[in-house]
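Colleague: All letters in the sequence shown, in the order written, are residues 384 to 797 by our numbering.
Keep in mind that the hints were calculated from the coordinates and are not lab data. Treat the hints with care, since some could be wrong.
[What the hints assert, rightly or not] Calculated lysine-lysine pairs in the DSSO-like style (CA-CA distance at most 27 Å, straight line):
#1 Lys749 with Lys732
#2 Lys747 with Lys639
#3 Lys768 with Lys756
#4 Lys625 with Lys454
#5 Lys791 with Lys758
#6 Lys625 with Lys714
#7 Lys671 with Lys625
#8 Lys627 with Lys768
#9 Lys625 with Lys791
#10 Lys454 with Lys386
#11 Lys727 with Lys714
#12 Lys687 with Lys639
#13 Lys671 with Lys713
#14 Lys747 with Lys727
#15 Lys732 with Lys691
#16 Lys791 with Lys747
#17 Lys386 with Lys639
#18 Lys687 with Lys702
Remember, predicted model here, so these are calculated numbers, not experimental data.
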Amino acid sequence: MEKAVLVIAKFINEDQTWSLEELSEELAILGQTARAQIVGQVRYNCRRLSPVFYIGKGKVQELKALIAETKAQTVIFNNDLSSTQQRNLEDALCVKTIDRTQLILDIFARHAKSQEGKLQVELAQLQYLLPRLLGKGIILSRLGGGIGTRGPGEQKLEIDRRRIRRRIDHLKADISALQRRRFALRKKRTENFLPTVGLVGYTNAGKSTLLNALTGAQAKVKDEMFSTLDPLIRRFILPTNKQKILFSDTVGFLHKLPHHLIDAFKATLEAVTEADLLLIVLDISNPKVYQHNDAIWEVLTQLKFQDKPMIYILNKIDKLHNVMVIERFKKKFNNSVAISARDKNNLDKLVQQIESRLLNTTTKIKVFIGHSKIKLVHTIYEQGKVEVCEYRENGVYLEAKLPILIAKKVLTAI
Numbered sequence: 384m385e386k387a388v389l390v391i392a393k394f395i396n397e398d399q400t401w402s403l404e405e406l407s408e409e410l411a412i413l414g415q416t417a418r419a420q421i422v423g424q425v426r427y428n429c430r431r432l433s434p435v436f437y438i439g440k441g442k443v444q445e446l447k448a449l450i451a452e453t454k455a456q457t458v459i460f461n462n463d464l465s466s467t468q469q470r471n472l473e474d475a476l477c478v479k480t481i482d483r484t485q486l487i488l489d490i491f492a493r494h495a496k497s498q499e500g501k502l503q504v505e506l507a508q509l510q511y512l513l514p515r516l517l518g519k520g521i522i523l524s525r526l527g528g529g530i531g532t533r534g535p536g537e538q539k540l541e542i543d544r545r546r547i548r549r550r551i552d553h554l555k556a557d558i559s560a561l562q563r564r565r566f567a568l569r570k571k572r573t574e575n576f577l578p579t580v581g582l583v584g585y586t587n588a589g590k591s592t593l594l595n596a597l598t599g600a601q602a603k604v605k606d607e608m609f610s611t612l613d614p615l616i617r618r619f620i621l622p623t624n625k626q627k628i629l630f631s632d633t634v635g636f637l638h639k640l641p642h643h644l645i646d647a648f649k650a651t652l653e654a655v656t657e658a659d660l661l662l663i664v665l666d667i668s669n670p671k672v673y674q675h676n677d678a679i680w681e682v683l684t685q686l687k688f689q690d691k692p693m694i695y696i697l698n699k700i701d702k703l704h705n706v707m708v709i710e711r712f713k714k715k716f717n718n719s720v721a722i723s724a725r726d727k728n729n730l731d732k733l734v735q736q737i738e739s740r741l742l743n744t745t746t747k748i749k750v751f752i753g754h755s756k757i758k759l760v761h762t763i764y765e766q767g768k769v770e771v772c773e774y775r776e777n778g779v780y781l782e783a784k785l786p787i788l789i790a791k792k793v794l795t796a797i
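Modelling step: build the complete structure from the supplied sequences, incorporating the hints.
Modeller: Put into structure tokens, the structure is as follows:
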């Protein structure tokens, strides 16, 4: 386990909703998730960054003394460093120096299990490294040597910009091929008229625990950040009308999640694009729950998912003993259900909400279905109430009441 010192610099003009203590606490959790032993911290408010060291020379000396005292092997910054700043800091401190993005990439590399996850991690790492080659020199032999340097598929060899760009192009092609396969699977699910519910939320909010509680899935559950990286889809049968739906779990979001990481993981997040309903999972026992919600909506807006129907899941009520506090959260977040995924508390109320949002509102359709789409007739009989059915020479004319969601899918398929 590497000994690491954290550096948290907060600028006066930065978002003031996060204090230095809260920023350092989140960075410490990220560091521990990457298997670092946190042996010290340097925290301070500053007016402007130094183009040479990011922090001032005085803080560099303070940091150097702390490294000598704690025998730290790594310094982790809560901010992104330029290649020049990173090189200068390593020269001055004589230890490995990484920034927040490298730390997150290391955690992603640890948790990527599927082929797609590994490809996406490697793509994000190379996209991060490419503009920094000039600062580090072209020798990338540090890859694979501890926190911030780990990555599936990477080798200890000298790689120039051309070879990295070629590798990036190759990775994008592989990911595109996997996307096409996923699209084919999603198309098949669409043709089977299975509504999809996407789970989104801040990392460690309890999405995987909720998926396991609802569907009996065996998703990895651990009290650490980004324990789930690869998408997971599980089937669920609604109790009232036995309608089959799909739940889709995705990678968790984070405050100031680097944009190129979102770009690299768009293939994973595409499961959310097909969702008919979003469940936004919040840990209401966390004092930063409102800031976490802001971070979630920042990513949803960037991905253009903000207009989808949604339900707020106010999770971890088992950690709150004040009913008034829970009621206050329910008033703050509209369309919400307060639950404990761990204790399976109020899951029946959540399922009722999902049924209501997906299937309880009906509409009447009048359609003519040709012989080539005759399977749709069975779907309409199965999912709705048929009022008129006339068999004609070229197909079937139907008048039926269907859930709005199913009606839209049928009309799209005709």
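Colleague: Does each hint hold? Answer for all of them.
Modeller: The hints, checked one at a time:
no., hint, verdict
1, Lys749 with Lys732, "violated, 34 Å"
2, Lys747 with Lys639, "violated, 45 Å"
3, Lys768 with Lys756, "holds, 19 Å"
4, Lys625 with Lys454, "violated, 61 Å"
5, Lys791 with Lys758, "holds, 16 Å"
6, Lys625 with Lys714, "violated, 31 Å"
7, Lys671 with Lys625, "violated, 38 Å"
8, Lys627 with Lys768, "holds, 17 Å"
9, Lys625 with Lys791, "holds, 20 Å"
10, Lys454 with Lys386, "holds, 7 Å"
11, Lys727 with Lys714, "holds, 22 Å"
12, Lys687 with Lys639, "holds, 17 Å"
13, Lys671 with Lys713, "holds, 16 Å"
14, Lys747 with Lys727, "violated, 37 Å"
15, Lys732 with Lys691, "holds, 21 Å"
16, Lys791 with Lys747, "holds, 11 Å"
17, Lys386 with Lys639, "holds, 25 Å"
18, Lys687 with Lys702, "violated, 33 Å"
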